[in-house]
Amino acid sequence: MSSNLPRRRFIQGSAVIAALSAAAACSRGDSNNPGGGASAVSTADFTGTGPITWVQGKDNSDGKVQERIDQWNELYPDEKVTLIELSSEADQQRQSLINNAQTQSDAYDVISIDNVWVAEFAANQWVVPLPADELKNDDIIESVWETGLYRDVLYGMPFATDSSIMFYRKDFLQEAGVEVPTTWDEVKSAIDAVRALPGHENIGGFGGQFAKYEGLTCCASEFINTAGGSFYDDEGNVTINSPEAIAGLQILIDGFKDGYIPAESLEWKEEDGRNAFEAGNLLFYRQWPYQYANNLAALGEEKFGVAALPTIDGKAFVPTLGGHNCGISTYSKNKATALKFVQWWTSQESEQYALETQTLAPILGSLYEDSEMLEKFPYLPTLRESLDSAQGRPKAVAYGDVTAAIQDALYPAVQQQATAEEAISNLETSLKALA
Amino acid sequence: MSTNIYVPDVNRRSKASRAQSRLAWLLITPTIIVLTIVIIVPVFQSLQQSLYGKPGLDPETGFVSDVEPFVGLDNYTSIFTDAGSRFWTAAWNTTLFGVVTVVLETILGVAMALIMHRAMRGRGFVRAAILVPWAIPTAVSAILWGWIFNQNGVANAILGQHIMWASGNASAKLAIIIADVWKTAPYIGLLTLAGLQVIPDEVYEAAKIDGANAWKRFTKITLPLVKPALVVAVLFRALDALRMFDLPYILIGPRKNSVETISMLVQDEASNLRYGSAAAYALILFLYVFIFAFAFTRITHADLGATAPRSGGGRRRKLPATVFLPQGRPAAVGATSDNTIARTSERSKS
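For the protein sequence lines, the chains are A and B, in the order given. My numbering puts the first residue of the first sequence at 1, with every later residue one more than the last. My numbering puts the first residue of the second sequence at 436, with every later residue one more than the last.
Calculated directly from the structure, the hints in this document are not laboratory data. Accuracy of the hints is not assured; some may be wrong.
What the hints assert, rightly or not - A few chain A residues facing chain B, derived, Cβ under 10 Å:
| id | residue |
| --- | --- |
| 1 | Ala119 |
| 2 | Trp145 |
| 3 | Leu266 |
| 4 | Gly280 |
| 5 | Thr311 |
| 6 | Ala418 |
| 7 | Ala420 |
What the hints assert, rightly or not - FRET-style restraints, in silico, Cβ to Cβ:
| id | chain 1 | residue 1 | chain 2 | residue 2 | range |
| --- | --- | --- | --- | --- | --- |
| 8 | A | Glu271 | B | Trp523 | 33 to 39 Å |
| 9 | A | Lys315 | B | Trp523 | 37 to 43 Å |
| 10 | A | Ala90 | B | Val502 | 52 to 58 Å |
Said to hold, decoys possible - Calculated Cβ distances over 10 Å to all of chain A for the following chain B residues:
| id | residue |
| --- | --- |
| 11 | Gly497 |
| 12 | Val499 |
| 13 | Leu543 |
| 14 | Leu631 |
| 15 | Asn707 |
All residues carry an ideal CB built from backbone N, CA and C; glycine is no exception.
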């Protein structure tokens, strides 16, 4: 029964059970009105020190996050930070964070939000505006910094970033005597050359995450952005229906049609493609840098390499920016401590720690040039190049609807069930309906 | 029945019956309170919520408004107009899964029950083995079947094909149906088995002597006698199937038109903070399930109050609440049951 009920009603319903007062629930006097209302914008006051919580998705690094937090707790025993781990699934993390905000709970103080949620969390005033002048420095990569802004106000301080790069099978390319391709045409001829070799006739070409989920939004919009198309202009008007966007999508559709992008990748999320790549069934793979460590363990240095994604028709590839930002919950009681923690959590030392222990891409440019880091992570210059040209996803308050509309419109096209023109025009209609 | 006999007792009894009625209320009050809190209040809250829209964005400040606008029945009308194709696809999927899985599960379940009912060695083991799929949580079995229907999964290996189960339309539906039947046929099997076990062997022996063959015995004896149990099992399964959410959500994924059900629409709307329209979808689903259950019980004459077949009558006997009280005057068993009938008939007159 409960699954059929809208969640907030259900939350209230549960509260009713707890309180045994049905009357309280019936009063519609908006209990979900964030305290300060509109005035909270300018005057987020960072007062209150004491214990706080740091809330993020599941830590897959074997307790490295807790170790770092322990260091803070030693430094500031009166302002202890407790780690709260949420689900490893992004959707469920968002649900937990929204539930917490709507019940105005002070259980979460500093929260890790995916950078595409910044607009939604800011517009709903679930997080407070942060003092940009205290957090900004020249070392922070500009495109990364901008992911934290909503209407030019900083709401989410980036602490880890992410951008796509191209993994390739070094051994297969060497066998075929082909150089690492830098253009889309070279990618295609490299695939042809490897397929000409005995034993590789059926190798998948250029893989990506084209299953109908967030990955499709990232991967497909890279083709559209690379061709010069865009989803919105700076004023938030829908600009998707342009010849450039159609051309970009057409290149992707043709990739599937001509067999350069394997049809299997229509069901691939990150790990499915990585398995195919490591099993030798895929020559090129567009992926996030985290794959590097896995490849190193599975294949060894000799068998794979990392390069920038190829230019298409002479235009530099525009990767999609991922990454996570720190937000401070509106309902946090100890905002002064929270802000201090955010500063510490995004400091040079912390960023380096996160890179070394969890291979999170740092937000600070200097770490990409640090010789010690370069030795450990030789893909850093490629990643930096990708970050500099990367573009964030649309900054929409209702981002869930926007990405759903993108997936609904583009998936039939990559399945060869709709033309590029039809898909783009459908997308324009649904994006305009959302505005 | 002559009322004269009872005349001297009328006052005492009506007083007793008032006390009885008070006690009845007292005893069912906790149930009513619980039902009110967990069902009736939420349903009315949903109803109320479904009349409100999503708060708008203030173009000046860029903040979401504090107040949800009252939109009347807009959420309902938009389900059948703007979002129509999505809703009808989901309604069709819901119905398809509901009908197909339950029909297959019933056939398989009855077959399983007949097998389990046979006296054989290791019967306990067979029963336990059949129960395993039902014992696995749906979410877990969805993940397991997700691996099976993976491109490189067992299903393709066995078939020697390269079917992309999740991205197809018919193949995705088929995957859901297979996984659901696998999981829940045992449930119907077990409930049917319980029904089978109350059929006395003599009936079959008599039929055999009369020359009825196995099929005749199955259709004329087994099915009618097992029907009350079977009907309850099928009804429960059908209600579950119509609310199907976790299996398609995990096995195929959210927002896949091929397997989207109404429950998934509710979740999707709620996760995008459109609680009004989510409530509207939820109520439509509620209504759909309710109508289905009502029609089903009417058509099959299911007696949900009792699982064992009852002979004739139709009117159920009510047990007086006073049987739970220490009686001032201990009565003989026969007298008590007489009283019961008298009271029942008296109350039905007034």
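A quick look at each hint next to the structure:
1. Ala119: Interface hint status for A:Ala119: holds (9 Å vs cutoff 10 Å).
2. Trp145: With Cβ-Cβ at 19 Å, over 10 Å, it is violated.
3. Leu266: OK, holds: A:Leu266 within 10 Å of chain B, min 5 Å.
4. Gly280: violated (13 Å)
5. Thr311: violated (29 Å)
6. Ala418: violated (13 Å)
7. Ala420: violated (19 Å)
8. A:Glu271 x B:Trp523: 33 to 39 Å: Holds, at about 35 Å.
9. A:Lys315 x B:Trp523: 37 to 43 Å: This hint holds: roughly 42 Å between Cβ atoms.
10. A:Ala90 x B:Val502: 52 to 58 Å: violated (30 Å)
11. Gly497: violated (5 Å)
12. Val499: violated (5 Å)
13. Leu543: holds (26 Å)
14. Leu631: holds (31 Å)
15. Asn707: violated (5 Å)
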